[in-house]
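Quick note, the sequences are listed as chains X and A, same order.
The numbers in the first sequence follow the numbering used here, run straight up by one, and end at 439.
The numbers in the second sequence follow the numbering used here, run straight up by one, and end at 859.
Calculated from the structure, these hints are not laboratory results.
No farther apart than 25 Å at their CA atoms in a straight line, the calculated lysine-lysine pairs in the DSS-like style are these:
1) Lys392(A) - Lys219(X)
2) Lys219(X) - Lys115(A)
3) Lys600(A) - Lys588(A)
4) Lys219(X) - Lys121(A)
5) Lys349(A) - Lys392(A)
6) Lys293(A) - Lys324(X)
7) Lys854(A) - Lys115(A)
8) Lys480(A) - Lys426(X)
9) Lys480(A) - Lys94(X)
10) Lys575(A) - Lys600(A)
11) Lys235(A) - Lys425(X)
12) Lys300(X) - Lys291(A)
13) Lys300(X) - Lys293(A)
14) Lys575(A) - Lys615(A)
15) Lys219(X) - Lys349(A)
16) Lys615(A) - Lys549(A)
17) Lys426(X) - Lys235(A)
18) Lys634(A) - Lys651(A)
19) Lys219(X) - Lys117(A)
20) Lys121(A) - Lys148(A)
21) Lys585(A) - Lys600(A)
22) Lys224(A) - Lys300(X)
23) Lys545(A) - Lys767(A)
24) Lys617(A) - Lys605(A)
25) Lys224(A) - Lys264(A)
26) Lys854(A) - Lys219(X)
27) Lys219(X) - Lys395(A)
28) Lys128(A) - Lys117(A)
29) Lys571(A) - Lys615(A)
30) Lys480(A) - Lys425(X)
31) Lys279(X) - Lys247(X)
32) Lys61(X) - Lys315(X)
33) Lys392(A) - Lys148(A)
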Amino acid sequence: MKFNRRDTIRQLALGAGAAFSGALFPHSAFASVSGSAPKRVIFFLQNQGFEPGTCIPDGMKNSGSLSKVKLPEPIEALEPFKERLHIINGLHGKHTSPAHSPFFGALGGYRGSDGVPPGGPTVDYELSKVLPQTLLPHLCIGMDSIENMRAKPTVANLSASGAGQPIFMHSNPNHLYQLLYGGISEGDIRNQHEARSSMLERIESMASTEGHQLPLQEKQRYDQYVRGFEDMNGLRDRLAQVSGHLKKFAPKVDERYTNPEFETDWHDTLLDLGISALKSGTTNTLTIGSGRGEIFGAWKGLGIEQQGHNLGHMKQKDNPIWIKIRQYNSRMLVKLMEQLESVPEGSGSMMDNTLIVYTSNNADKQHTNGANWPVMLLGNCGGAFKSGCFTQLDGTRPINALYNSIMRVSGVEGDRFNMTEAMAKKYDSSTGPITQILS
Amino acid sequence: MFGRSTLLAFAILVIPSLRGKPFVPGEIIRGDFKQIGELFLENHCFDCHDDETKEADLNLLDLGPVDEINAAVWKSVWAQVAMGEMPPPNKSQPKITERLKFSDWVVQELREEMKEKGGFKANLDPKKANYLEHDLLFGELPNDIKLKPTSSSSRIWRITPQEHITRLNELINMEPAFNPSKPGVRTRGDFVPTNHGGELKLYFGTDRIIRWEGGTVAYQTAVKSVPVVLSSSRKHGFENYADFYSVNSSEATQILNKAEDILKYMAYGPMSLVEFPEQITDNPKTYDAVKPKEDLRGLPSAIVYNTKVVRPITPVYDLMRQDKFTEDSIRKTITFLFEVLTFRPPSEKEVSEYLQIVNESIKKIGREQGAFMGLSSIFLDRDALFRPELAKEGKADKYGRVMLQDWELGLAVNHALSYIRPDEKLRDAIVQGKMRTRSDVRREVSRMLDDDSIRKPRVLRFFRDFFDYDLSGYICKDQKALASTGTSARDNAYFRAMFDATASTDRLIELILADDKNVLKELLTTQKVVHTGNDRSLFGRRYTKEEQKNAQEEKKRAEELATLEIAEERKILTKEVNKLEGQAKANKSDKALKKMVASKQKELKALIKKMADMKRKAGNNVNTNVEEANFSGKQIFARVSRRSFGTGSMKPERTLSTVPESQRLGILTHPSWLVSHSDAMDNHAIHRGIWVRERLLGGGIPDVPITVDAQLPDEPGTTLRERMRVTREKYCWSCHEKMDPLGLPFEMYNHAGIYRTTEFEKPVDAKGEIIDSGDPSLDGPVANALEMIDKLANSERVEQVFVRHAFRFWMGRNETLHDRPVLQAAHEAYRESGGSMKVLILSLVTSDAFLFRKQNIQN
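Just chain A, with the same shape it has in the complex (with noise of 0.2 Å):
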């Protein structure tokens, strides 16, 4: 394509005139193919990737400019560059604006080329965000590179769908005010717990079920439920950027079928549940006088439901109970249902929009079932859907940015804590006009902060999406694999028992938050754990092979001591039966005998299962696979979904303990992120170590190359660390060095997050490596997770990082160079508070990230 002596002159011609002016990032850079991308390929690349060396089987002398063809191999590129892969440490380095201004032009032109191709947005993506070293943040900025006063893009951004399950619910369930005496329970603002299976579901009337008919099963079946509909791809990782989500068709026809639904729930209550009036009773027998004399399990018509009306009784109720609706009651109706779908109050122009579409259904099909249709598409409207961050009202300033006002900023502070409606103290200081400025905002913000009344759901779903411990429940393990770690629990117990352990973490991380002191540090190195009873096996030690044979013995025992006493009776009431049965054998004739004998055999089976049940009972008492964990502690409660599964329904009560010692520190030895990063076989030391890399240390992991068969040897018998010997292999140990020597000390765990010392009966090698992880003091080799835990818990780097992840929660997007002072004051006040979470939440969402935008920012 082209010669490399000539490209060579072409550089040195063309260098000079580069240099001189100071790099923005983002800004559009002037420069073709030839003269920025050609440029720095010969400079830094052609010498391994030409057609001679095809280092890596990777030719880029033939690339050429930016097109739909090779997107995917300049894409790589661009994250080799950028990440600082590439050119590798033992070639000469480009200077860091050569490397940025390369990186972002790779990116525009990327991103101009796929417009109509699908688009580029891989540099948004929050997997991306480290891209951006981190030193060029925290540490020294080059001098040619100047930096703007931040701000966001103008936008919209779609509520998630825990958002608007409990935006939802708000209409047809009354949650408990927060009880200060019982903090933990579920309270109104706090998110829509997922069920007893992990289903996010929106439930009506359970709070006035006094009974039903059948099990746990014909229950979940009779009570009227919904699922969510709103879409979210998320896996690992941060759910809910702005830029993420639209709303589809089939989303939108869903939510006006359940919006009119709900609209009849709020006017009629369980009468719009029930087959018949009389299931609405609180004498169950009145019902039963009644009902159906068939098995009614799992139909709406097996439940009884009380007359104490519990669901908030609002305008929808009152404008149904009317002979003849007046348009002053349609009015007030649509502007409540409008406030509370979308949180603000509507302008006259849209009351009357939606007053003509609740006249025109109620011409159309009559008066009732036009007000709920007419009414539902209020559900729709696109601020019931999207928060709109527009900031179209207010001036903007030298740099282009306007700062967000009233509503939109009202509802934009109201949303980095809450998933419901303002309270009344913001509501009437956006209506007063006092959210106009820094200080109004910081002023909302504390009191929010420090009103443990008002719920903030957000800032768990920060510390969930932070730590991924929220997936146990979801993955699927292999009942043979599973049984071998020790765990008693199987099927759906063992996966109810991962959301209560998520529930449990849920509590933890509340605790840790209330005392805001160190949180980072206290999250990563705590001794406390929040468990239900069951727990005490997961947070227990695996036996060696030696001692569960003790145990099995020990069993044994107790089952014998146990039974002693009884075993001899047993004995004596045998040779009694045995003798009479001979007797009546030879007195065939003998009635009363008859009758002795079957009197005495009764007895004796009797006898025989009360054994049974002795020795049973004795014998659960001792665990033959694991060393249960010894907790002792006060009672306190988590949060669980409304009753879901009958008896089978997740309960709220928890207890407060501490860890057996020295072996466990922090949530990242807890079975909730354990297993959260595990699969259906084992532990999964390479998302662990990702995990690690990612979120505590800052690094960016490349995409796996689409040549790489990801799959580790099935070896029945070899650990996990031997399997990922293939790992080492020179092509893959570049990125693997990454992350396989952060995750393997994790292995002094089983794939249920039980702690082991031996492994196949050897000892259980949990040691690992940080490596080149930015801090030099940092790296080197660690004995296993809790040395290595102990490590980064204490580094300022990691607590860097921390407010990076944070940034990018509460902003919503990737951070980028001009971000850097926001990110600094941020960490700052984070240490000087001695680590609040308030204080750096409040540091972020008054910085100028936060609270100005501006149109077409390229993030």
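Chain X extracted, bound-state conformation (with noise of 0.2 Å):
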């Protein structure tokens, strides 16, 4: 078993993310793809189904220009950003068997549900291998009911790296900021860092003598356990080396970190959080998990007093619940994009290399078959997406495929993502890329 460098920092992102690489800034060591590859990517899963009533414009049945249409009521806030913005409808994920969510399967595109172990890795984490290297590649964070990421403030339901191995997403503002900013935070994160940096180092001492007394042939499988701790002491020091450009991304930590009102406190600082992280280049896949792949959640700080699995129940479409949340992720979508849009990158900004994919870990609605399965692309990865469009697909080709044109125009070859010929025989009309949504 051989374990290069690439590897270990990959394995780094998989776990509470302690990672380091010679790359920290966005602007050096790029990874070779193609020039119209992004450079980082943002998965943005909603809970509960995305239905099409609420993301596509009133009338609008046949693919066209979005120029010309008011973009509906719940993501309205994108309308400045229309050019950016590709709305996909007739992709289907019925492999994945979808109704109450597919768990791993949505961004993995194979069958799922809850309980189920991840049958391989996740396009997210795919990704994170092939887009210019940092030293997080892959961050999750997952949104939920105040109570529930209290309890639960890691669990693994969406992202993989390979089969029965789950990436577990973060869902305590405080714990994720101490894990990005630990070196540069005061009182009690500061303590809390330190503490943990100091255990650190001290059981990688003590990994690295058990380590000499081994036999040269156990040494190297040995090494790499011992390079784990290497690496995640390693990532508080390079952290702590820059920790004056850090200085500059960090979030404030106020109340809605430490005494939150509503859970929708936590989303936005997690939100902030993935943010920073992407901004300061220490990552270059977020994925946002808003109801963490699951068919519960809660939104009371939007003044929606239902929670939990009867929201996945309603229908969405014109319903003023799903309207504010639709909306809320709308401003999140809107946020992301401005932030992105003020850090210059090459000849143009952050966002201009970046790829955002919305959609629903649960198809279009909470109890689907998956034949239906709309997303939206915000970004055209320098024009190797169309943009500023609508694109209704025939309902025969599968997330898979969506997964292999993103992956294609990351510079990864390839005609399929996670499917068989076999299956793709039953659930696939084409191979390769979804040629109607490439330029």
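Using the hints, put the two standalone chains together into the complex.
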């Protein structure tokens, strides 16, 4: 078994995300991918389904430009960003068994369900490996009711690095802040950070001593274990070394972190931390699970008293509750775009090199057979994807084909994503990327 | 690169110099490419694979010494020669020693050349273990081969995900003690089973839940559980050789996070899980008085825990109850935690090191948080994740081997059978210096094997790894293809049925192990079946088209019969309602009449509903697709997960019955095994054939050449056998003849594991053939799977191959020629004992291969 630096960094990203590498800043050390490849990707998955009526402009039945139509109320905040937007209707996920969420299968493109372990790597993880290298290639955040985020600050439902290898998402912004900015923080967060650093250093030292006694042929395997600690500690050191840079991006810790009034305070702070990790170049892939891939969740901060399962039993179009949730999502998307637009990169801004994939982990609704799986793309990867338009597909291509399209644009060869030819015969009418959505 | 005549001359000169010395397998072979590699290729390969003939498009003339570029070709050469596939039978064959020496040399060169480029370990993979010819282990050994007393490498062995979860589960959950009147029910020491969806998770506090809000999914979301984090890349076959895995930093990070959750639960119990203290009560109504008036489904606050303390009460609990920590209490906690996590007591130095970590954490972040953080570091101790077998303490014998002793030997023995800590007797033996000899091991292993209350999940794990019957719930089935099999289960209900089937097969194996007579033969030929109520259909027989038609008519008749009386009643009532409606229409002002009409209409509606229900109920009793198995037997139990899915969780109740006559024979014909070797759309005759070839016949299967597009044509309405005609092409058949004819006999079952006599309205063709098995008495055509299994179950060779697999599992490595005496002794012990698994295990774990370690052995 051989482990290289890249593997190690990748593995680090799966856990709480302690990792380091040479490249920290977005303008340096980009991997060699094609000119139109994204430099960072964001997956935003709202649970309970994404009903097409909440995003497709009224009366729009066929593919066409969005320039002369008005976006529906739930996503009207995206109106100023219409030229970056591509609404795709008519993908399917029938093979993912999406009723009540396919969990890992949503981003993996395979069968999933509650309690079912991941059947393979998910697209966000695969992309994090090929995008320009960063300290923490893959960051996952999960938004839920405040109770659930407190009781289970990390859960793994959406992303995976391989079969049976779930990737955890962070739901407590205090923990995530400590991970990302512990070195530049003060007070309790600083103390926690120092205590953990000191403990990890001692474990590393003990593990390293035990390694000396091992036979030569066992050392390599054991060295990987020890190197894990070195890397966790190394991340802290590296982050400390660039603390001047990080300070510019670190959000201010306020009452919303320590004493949230509603769950949305934590949703907002988690988003801020995600944005800061992108802007500072700490990560290249951000996965946001609003509802954490399950069929519950709460948004009381938006004035929605109902929470949990029933939200998925409602029709979403023209429903005031779902208008509020989708509007909240849209504001988050706008914030992501505005923040990334504010950072110059190359001849444009960071947003010019960013792809946002907004959809649901639950296809079009909670109880669904997955025959339709609407998606919105924001950003066109230097023109690789069409934008400013609506595309109506015929329901014969799976979400795997979208993931394959993104992988291809990111420089990865291959005609399928997580789909065998035998499955494809049944579930995909074509091969390779979805030509209708590419320029 | 070189002239062939020169080479030949060189060969003639060199060969005599290689003769005469006995060959010791695995020892370094002195000689470079010219002396060994080129010579062998010239003598045995160039005739067909030079620049002129290029058989199979392969020219070896320019291959040259092993390097990074040609490593893949050399690997194929190694595989073909090691397996005896090349040179082909119609060509002159190398001497056995020459073949072995060349294979060892190629491995040696590949290992050296690839050292910094990803390494070469293919020869250590269990899939390649059969490349070592069976007859060399159990037949005659050429005189010029010299064997050494065997041993295994000194090593560290990472624990498996299942072991890890079971070890952690011991800290927070009390599993019931073994109950001899209910064997099979999950007991302390059994492995933690996967949940309703097949995920391996650690559950917190589920044994105290007395109420929750919402349904099955709400329960699953609200309860606290954490998934396993150690990785395992197993798909088929042995999961865990000693050299497979390490622990990466993401796993280490998650273990730390999980550790704090576990420690908090150890200290505070469900209080660490709840939002409101009132959630812990024996009277849920007291919680109702204070709980939030909103939809709590899926939230931690939806759960009510009783007040009964059922978790283990440990020094962690005692420590956190103290107002002020004393050094003594922290030391005591560290000592306790260290032993429950590593299974051995810590040294004084280790306690001091962890004490320092705990004290530093407390100093930095305070008493409570600091204690949890500091103690969590013990979860990452090397020995909490790896089991060392370094044999540093003993004295080497004249062969350089050192016998394991004391804790290393005791834990190796414990690990041979168990996932949890050594019991008191074994612990005492270790502490008292009574784990140092072979007879010490025999004494302890015999004792443990004979005591049913000491659970042996490793033994069951061996059978899971050997048979691969536990994969059925992970085979994603196409719903339409599934419906065509005749099973009524769909979606998640189907997958849950498969996880239930795995648990049932586990139990069946345990019952056969309890008898401990002719274990392998029994497993292959048993008529017993452990099943749930829903399995009658899966163990049934698919109706022919004609029979389906008859069954549909029968169903119709049953529905009519059941509703005969009520239909008459409905007719009368309908007439009455119609009449009243007519009257009401004519007398619109008659309110009493209107009321009567409404009442009668309601009555009629209820009657119609009742009739529909009766019809459905009567119809449900008639299966129109499958003749269900007529099971009857006594109730037994199988091992299932803690409640993971509310009322939809798996249930332990099972029945022990007999399979329908002439339709099934042993667990290879049970749905759990058949579906595990199927795919989304159909049976997987190739996988099944590979399984029989490798696990029962001991044959090797080479890797699929990268030039092969391994796809069968998509031809709806045609049988798998017809579609597999493509594998009969010359290029494919040399490999496929080893598998296809062994897999096709299982076509007597469809891909849900249901027995069938017809396929596409024609009689099922389940013919097959055992070809070139290594035992001529086995070779020949077979009519179906039953005939094939019957033949195999009576074969001595198959028994020996089974012993080879048991060796691999318990040694954690592939066998070498030096293990020949161990394998022969184990097989003899198994035979002489009448096929006792206990005797086989005892023989293996008291062998030199298990007891002795040696540094730097190239396995």
